[in-house]
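Q: Go ahead and model the full structure; you've got the sequences and the hints to work with.
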Amino acid sequence: MSFLPRSFRMRLLLACVMALGLVMIFSTVQSMGVVRQALVENARTNVQQISAILNLSIAPGTATGQFEPLRDFLTEMLAPRAASRQGNGLVYVVVAGEDGAIILRAGDAPRKLPGPDALSLEAVERGLLHVRQPILLKNNRVGYLQFGLATGALVEASYGAARQSLLIAGVGLLLLTGALLLMGLTVAHQVEGLARASKALAEGDLGVRAAEYQSDEFSLLARNFNRMAEAIQARVNELQRSREEVMELNQTLEQRVSERTRELHEKNAVLEKIVADLNSARNQLLQAEKMAGLGALVAGVAHELNTPIGNAVIASSTLAERTRAFLKEYEGGLRRSSLERYMETAQAGSDLIQRNLSRASELIAGFKQVAADQTSSQRREFELKSTLAEIVATLAPSFRKTAYRLELDVQEGLLMDSYPGPLGQVISNLVINALTHAFAGREQGLMRLSAHPDETPGRVLIVFSDDGIGIPQENLSRVFDPFFTTRRGQGGSGLGLHIVYNIISGVMGGEIRAESTAMGTRFLISLPLVAPKREAA
1 MSFLPRSFRM
11 RLLLACVMAL
21 GLVMIFSTVQ
31 SMGVVRQALV
41 ENARTNVQQI
51 SAILNLSIAP
61 GTATGQFEPL
71 RDFLTEMLAP
81 RAASRQGNGL
91 VYVVVAGEDG
101 AIILRAGDAP
111 RKLPGPDALS
121 LEAVERGLLH
131 VRQPILLKNN
141 RVGYLQFGLA
151 TGALVEASYG
161 AARQSLLIAG
171 VGLLLLTGAL
181 LLMGLTVAHQ
191 VEGLARASKA
201 LAEGDLGVRA
211 AEYQSDEFSL
221 LARNFNRMAE
231 AIQARVNELQ
241 RSREEVMELN
251 QTLEQRVSER
261 TRELHEKNAV
271 LEKIVADLNS
281 ARNQLLQAEK
291 MAGLGALVAG
301 VAHELNTPIG
311 NAVIASSTLA
321 ERTRAFLKEY
331 EGGLRRSSLE
341 RYMETAQAGS
351 DLIQRNLSRA
361 SELIAGFKQV
371 AADQTSSQRR
381 EFELKSTLAE
391 IVATLAPSFR
401 KTAYRLELDV
411 QEGLLMDSYP
421 GPLGQVISNL
431 VINALTHAFA
441 GREQGLMRLS
451 AHPDETPGRV
461 LIVFSDDGIG
471 IPQENLSRVF
481 DPFFTTRRGQ
491 GGSGLGLHIV
501 YNIISGVMGG
511 EIRAESTAMG
521 TRFLISLPLV
531 APKREAA
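The sequence shown maps to residues 1 to 537 in UniProt numbering.
Worth flagging that the hints you see were computed from the coordinates, not collected in a lab. Just to be clear, a hint being listed does not mean it is correct.
What follows is a set of in silico ranges between Cβ atoms, one per label pair, in the way DEER data are often shown [claimed, not checked]:
id, residue 1, residue 2, range
1, L176, R448, 54 to 64 Å
2, L20, N42, 26 to 36 Å
3, A389, E455, 22 to 32 Å
4, M247, G207, 21 to 31 Å
5, E340, A38, 42 to 52 Å
6, A211, T318, 16 to 26 Å
7, F484, E192, 45 to 55 Å
8, E192, Q347, 13 to 23 Å
9, S27, E203, 47 to 57 Å
10, C16, H189, 15 to 25 Å
11, A403, A19, 17 to 27 Å
Glycine residues also receive a C-beta, built at the ideal position from the N, C-alpha and C atoms.
A: This is the structure:
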């Protein structure tokens with residue numbers, strides 16, 4: 001339950017408990033049926049044997065009329081323990097003539113003889129079976145005899161064995177239930193640990209790590225989580241160092257530029273050094289802008305993982321609570337309907353835990369790939385649709401709670417040998433640019449990302465569009481210039497689209513152009529399916 005990612009063991013455990021419970025119930029019912037049938041057959045055998053013995057003993061005396069020797073014989077046959085319904089054996093014997101007159105009475109016979117009993121389970125369970133048989137002499141009926149056969153001891157012994165079997169079955173089911181409860185508590189504890197670790201990571205505690213208990217599905221999930229946390233911590237530390245360098249440079253840049261400007265005509269060589277410093281600063285800003293995408297990735301991971309892991313925690317807690325309630329009900333007397341309800345709850349809980357933890361594992365794997373791509377410029381083969389889908393998934397939390405939507409329309413089967421990391425940076429910058437500029441003054445908007453084969457063979461056309469306010473024509477030719485922004489002082493650096501242009505035209509060997517009307521803006525990107533080879537640095 002799996003339980004856990006694809007935890008077959010938990011489902012097997014639940015199936016075993018349910019199967020064993022059904023087998024116990026069926027076995028108990030069958031045992032009771034066999035015991036009852038055996039009681040009736042045993043009573044029938046005793047009746048036949050006793051009837052034959054009594055008939056052979058009494059028939060000669062009936063013919064001669066000498067009954068006193070028969071009285072002593074019958075008294076000896078009466079069982080001392082059969083004086084009540086709790087004993088076993090003959091209780092009384094009555095001999096009557098053909099006319100119904102009682103000739104001989106032995107034992108504790110009722111004054112008024114009851115009618116004979118049908119040989120049935122109800123008669124045997126009453127403890128005293130009344131039997132009437134004809135007395136035959138040379139195949140002629142000369143009277144009848146009636147005797148009482150005590151069956152109480154036989155009934156008690158048979159049902160005692162059945163009760164013992166039922167007790168053993170109940171104890172076995174209780175032990176299995178206890179094992180299931182213990183496993184449910186263990187699952188809840190491990191899932192809660194993962195939930196706490198993911199929450200701490202989302203709140204900025206990059207040093208948090210999930211506990212790895214033993215070699216099971218949860219330990220595998222914890223190890224993957226810890227690897228992801230270590231990768232994020234390393235990237236964030238690197239980003240922090242870059243930001244500190246940029247801040248330090250910015251603190252001295254203005255003073256240095258002022259000094260060099262006053263000496264412009266006198267120290268041209270110094271001015272060239274300042275230009276070189278500015279170019280270096282720009283490159284560092286570009287790198288910082290690229291690494292800033294990791295912050296969004298961290299938020300995306302935490303947000304996407306919170307839902308499936310939270311659902312798994314709720315399901316496991318509910319399962320543990322239902323198990324405790326089930327144990328209390330068992331102590332007060334368990335009903336079959338309660339057992340069936342508990343089994344259904346346990347099955348549903350294990351399925352819910354398994355689905356949510358599988359979803360969390362898939363998310364972690366996807367985010368690991370995107371993180372690796374965005375922090376490196378490694379070239380590899382990839383399928384364009386799946387890669388763009390992963391990139392969009394990391395961006396979704398930035399506008400999930402808004403009225404802005406991003407639609408994806410990519411043809412399947414487009415294989416590229418290029419750089420998925422830089423491509424992800426391009427898409428990320430285009431989305432952020434649209435959210436920042438395209439929908440100013442509007443509370444909703446639509447973005448669309450499509451990709452199809454280009455008219456030129458061996459190339460693909462990627463189009464990113466929005467239905468925003470558009471770009472003024474006087475600014476359209478400058479959107480890719482460095483440090484050009486209409487939001488300076490409001491968070492805009494003017495480097496986002498410049499980074500996009502450099503990546504497309506440089507690393508990926510493609511082309512990009514912008515089109516805009518009052519109905520929105522489109523960025524058309526033409527890329528080769530096989531990127532040009534880059535010279536080693």
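Q: Next, verify each hint and record whether it holds.
A: Hint-by-hint comparison with the structure:
Range check, L176 to R448: about 56 Å between beta-carbon atoms, so the 54 to 64 Å window is met. Between L20 and N42 the beta carbons are some 31 Å apart, a value that agrees with the proposed interval 26 to 36 Å. Checked against the given bound of 22 to 32 Å, the beta carbons of A389 and E455, roughly 25 Å apart, stay inside it. Checking the proposed 21 to 31 Å range against M247 and G207 shows it holds: the Cβ atoms sit about 23 Å from each other.
Checked against the given bound of 42 to 52 Å, the beta carbons of E340 and A38, roughly 30 Å apart, lie outside it. Taking the beta carbon of each, A211 and T318 are about 23 Å apart, inside 16 to 26 Å as hinted. Evaluation of the 45 to 55 Å hint for F484 and E192 yields a pass: the beta carbon distance comes to about 50 Å. The supplied range of 13 to 23 Å is met by E192 and Q347, whose beta-carbon atoms lie about 22 Å from each other.
Evaluation of the 47 to 57 Å hint for S27 and E203 yields a pass: the beta carbon distance comes to about 55 Å. Between C16 and H189 the beta carbons are some 23 Å apart, a value that agrees with the proposed interval 15 to 25 Å. As the Cβ distance of A403 to A19 is approximately 52 Å, the hint placing it in 17 to 27 Å is violated.
Of the numbered hints stated above, those contradicted by the structure are hints 5 and 11, listed in ascending order.
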